[in-house]
Amino acid sequence: MGWRLALRPYVLIVPALLLTCGILYPFGLGLYYTLFDFSASKPQPDMVRFENYETVFTQEAFWNSAWVTVLYAVGAAAVETLLGVAVALLLHRSTIVGRVLEKILILPLMIAPVIAAIIWKLMLQPSVGVINYLLRPFGLGGVQWTDTPTGALLSSIAVDVWVYTPFVAILALAGLRSLPTSPFEAAAVDGAGWWYTFRRLTLPMLWPYVLVAVIFRFMDSLKVFDIIYALTEGGPGDSTVVLQIRAYLEAIRFQRYSFGISYTIVLWAVVYLAAMVLVKHLGKIQRKAAEVAAK
Amino acid sequence: MSRTTSKKRLLGWLADAALILYFVFALFPIAWMVILSLKPANQLFSTYFSFSPTLDGYRTVLGDSEGIPFVRFFVNSLVVSLGAVALSLLVGLPAAYASARWRFKGSENLMFTLLSFRFAPELTVIIPLFVLYQKLGLFDTYVGMVWVLQLVTLPLIVWIMRSYFADLTPELEQAALLDGYTRKQAFFKVAIPLVKPGIAAVSLLAFIFAWNNFVFPLILTSNEAQTVTVGALSFLGGDRPKYNLTAAAALVSVVPPLLLALTIQRYLVRGLSFGAVKS
Numbered sequence: 001m002g003w004r005l006a007l008r009p010y011v012l013i014v015p016a017l018l019l020t021c022g023i024l025y026p027f028g029l030g031l032y033y034t035l036f037d038f039s040a041s042k043p044q045p046d047m048v049r050f051e052n053y054e055t056v057f058t059q060e061a062f063w064n065s066a067w068v069t070v071l072y073a074v075g076a077a078a079v080e081t082l083l084g085v086a087v088a089l090l091l092h093r094s095t096i097v098g099r100v101l102e103k104i105l106i107l108p109l110m111i112a113p114v115i116a117a118i119i120w121k122l123m124l125q126p127s128v129g130v131i132n133y134l135l136r137p138f139g140l141g142g143v144q145w146t147d148t149p150t151g152a153l154l155s156s157i158a159v160d161v162w163v164y165t166p167f168v169a170i171l172a173l174a175g176l177r178s179l180p181t182s183p184f185e186a187a188a189v190d191g192a193g194w195w196y197t198f199r200r201l202t203l204p205m206l207w208p209y210v211l212v213a214v215i216f217r218f219m220d221s222l223k224v225f226d227i228i229y230a231l232t233e234g235g236p237g238d239s240t241v242v243l244q245i246r247a248y249l250e251a252i253r254f255q256r257y258s259f260g261i262s263y264t265i266v267l268w269a270v271v272y273l274a275a276m277v278l279v280k281h282l283g284k285i286q287r288k289a290a291e292v293a294a295k
Numbered sequence: 001m002s003r004t005t006s007k008k009r010l011l012g013w014l015a016d017a018a019l020i021l022y023f024v025f026a027l028f029p030i031a032w033m034v035i036l037s038l039k040p041a042n043q044l045f046s047t048y049f050s051f052s053p054t055l056d057g058y059r060t061v062l063g064d065s066e067g068i069p070f071v072r073f074f075v076n077s078l079v080v081s082l083g084a085v086a087l088s089l090l091v092g093l094p095a096a097y098a099s100a101r102w103r104f105k106g107s108e109n110l111m112f113t114l115l116s117f118r119f120a121p122e123l124t125v126i127i128p129l130f131v132l133y134q135k136l137g138l139f140d141t142y143v144g145m146v147w148v149l150q151l152v153t154l155p156l157i158v159w160i161m162r163s164y165f166a167d168l169t170p171e172l173e174q175a176a177l178l179d180g181y182t183r184k185q186a187f188f189k190v191a192i193p194l195v196k197p198g199i200a201a202v203s204l205l206a207f208i209f210a211w212n213n214f215v216f217p218l219i220l221t222s223n224e225a226q227t228v229t230v231g232a233l234s235f236l237g238g239d240r241p242k243y244n245l246t247a248a249a250a251l252v253s254v255v256p257p258l259l260l261a262l263t264i265q266r267y268l269v270r271g272l273s274f275g276a277v278k279s
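Chains as they are written, first to last, in our numbering: chain L, 1 to 295; chain G, 1 to 279.
Bound conformation, chain L alone:
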């Protein structure tokens, strides 16, 4: 009986393990492909070792994509964090208006990002879109939203913000509701003002919750695909070609499989590094929050 007991947890994870291997296999295969010059026009590929990666790093297109990706990810994550925390703080006041609106906070987050991009594309259309129509009384009827490089990037970020701000707000609101009450009671007895309480108590204790949201948002927007694909297809020019769009164009549009995968491997390494740094920071922040709560 003893050995069967010891084996039980292993038996339980075997199916999941097999499935995981089924997903790891194409990943490994992809990694292997990057060492070759496999493409639709060359189905019998030759080994080229690290040539694909060398080409990636020496291409101007890569550095352009990397820059656009970073701008997008930092911009989207920053705006979502500020807006999401603000919305959470406003909802935490629990006024009648807030309690009603909280019930529908989730809606944009549950819409497929690609559908969200489609909706915004219709609204942002320069000549017949509703946004320019609404802006016309303010003398701003002719904005070329997705037709200029800066406009296209900002519009994409705006769609990301529309979809994902509720994500940050929901996590921050859960954080606000789970904060210990005693530090706040003590501060009230001492006659501390709103700003002091917010800066010295709310923010440090809330920060771990917000940081979890930021980690998710930052890493997800580094690998953005759906929103850009539907809204701008990377254009105009190369202005919104983020790394996953570039990988898609190389691998699927131009059918240079090996080269396309090389792009995603580089992106994967970047996401992994970002995750390591952020998670380490999270640990530090959590300890600090615990100190504040204990005081």
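No wet-lab data here; the hints were simulated from the structure.
Just so we're clear, the structure is a prediction, and the values are computed from it rather than from any experiment.
Some clues are possibly wrong.
From the derived model, a few chain G residues whose C-beta atoms are all more than 10 Å from chain L [unchecked claim]:
{"hint": "1", "residue": "Thr4"}
{"hint": "2", "residue": "Pro40"}
{"hint": "3", "residue": "Pro53"}
{"hint": "4", "residue": "Asp56"}
{"hint": "5", "residue": "Ile68"}
{"hint": "6", "residue": "Ala86"}
{"hint": "7", "residue": "Asp167"}
{"hint": "8", "residue": "Ala176"}
{"hint": "9", "residue": "Lys189"}
{"hint": "10", "residue": "Ile199"}
{"hint": "11", "residue": "Ala200"}
Partner residues are not named here, just some residues of chain L that face chain G (Cβ under 7 Å, in silico) [what the hints assert, rightly or not]:
{"hint": "12", "residue": "Thr81"}
{"hint": "13", "residue": "Ile106"}
{"hint": "14", "residue": "Ile118"}
{"hint": "15", "residue": "Tyr209"}
{"hint": "16", "residue": "Gly260"}
A virtual CB, placed ideally from N, CA and C, is assigned to each residue, including glycine.
Given the coordinates of chain L, work out where chain G should sit on it, guided by the hints.
The following block gives chain G in isolation, referenced to the frame of chain L:
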């Protein structure tokens, strides 16, 4: 005294106003999509808010008359999302339970490998799969889609269910074992019923994410197994933009996730944060 209260009241109003402003931003696109979907074709661009509403857009989209079999795409979305969630539950629940109950070699590795799927760029896996599926005949099939969607549903289900199982005190199951239950019965008759709300919530959330996925069906299907997210985008193509049809298709494809989302509000926090934040 009265000056500070009136100042406070004014600030309260301003705060509510700011909140309403955000929700206008959040809800207007949805409202506008509804309006656009109800417009007749000849009033698409001539008017904005005054028009004679019609269901023609929906009739066209659901009647497949644009050469886009949208009803089939809808059924496809339903089949592959349900299939993906079912497979993930079948495989993921035992694994989640095992890794919550026993510390053993390999379990943490498996858990972190699963978590890393959540953050891996999808194309890293899809491009090799695109090549592989064409060799294996899995391109544009339900099986191929259910398989690749495990990348979305499995990490979610395993991580969240692990946090639910970890919250259960082992004493309940131990009491059941003392009462003569076998370990299997303790799992099915004690542990599973206690985490049932969690299972329901995470299944719905996993369903929503599978439904909303775009990049897998974009690359790994072409017509037979294509889903609504890709289908809705194809209304934007063609020579003349068919805004009303695009809006109708978009609205039809967001109805299932939106309805489900409203039913799992309470459990969303843990689900969205992979169990990292509990409420």
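Please settle this one: G:Pro53 was flagged as non-interface, so is its CB more than 10 Å from every CB on chain L?
Consistent with the label, G:Pro53 stays out of reach of chain L, its closest Cβ about 16 Å off (over 10 Å).
L:Ile118 was flagged as interface toward chain G. Is the shortest Cβ-Cβ separation under 7 Å?
5 Å, holds
Would the least Cβ to Cβ distance between G:Ile199 and chain L come out above 10 Å?
16 Å, holds
Once the closest CB in chain L is found, is it more than 10 Å from G:Ala200?
16 Å, holds
Under 7 Å is the threshold here; is the Cβ of L:Gly260 close enough to any Cβ of chain G for the hint to stand?
6 Å, holds
Would the stated hint for L:Ile106 survive a check requiring a Cβ distance to chain G of less than 7 Å?
5 Å, holds
For G:Ile68, is the shortest beta carbon distance to chain L beyond 10 Å?
The claim holds: G:Ile68 sits with its nearest Cβ about 14 Å from chain L, beyond 10 Å.
Per the stated criterion, does the least C-beta distance between G:Ala176 and chain L lie above 10 Å, as a non-interface residue requires?
16 Å, holds
Distance rule for G:Asp167, whose beta carbon must clear each one in chain L by more than 10 Å:
Its Cβ never comes within 10 Å of chain L, the nearest being 15 Å, so this holds.
With a cut-off of 7 Å, does the beta carbon of L:Tyr209 approach a beta carbon of chain G closely enough for the hint to hold?
6 Å, holds
Please check whether L:Thr81 passes as an interface residue: C-beta within 7 Å of a C-beta belonging to chain G.
14 Å, violated
Would the non-interface assignment of G:Pro40 survive a Cβ cutoff of 10 Å against chain L?
15 Å, holds
Of the hints listed earlier, the one the structure fails to meet is number 12.
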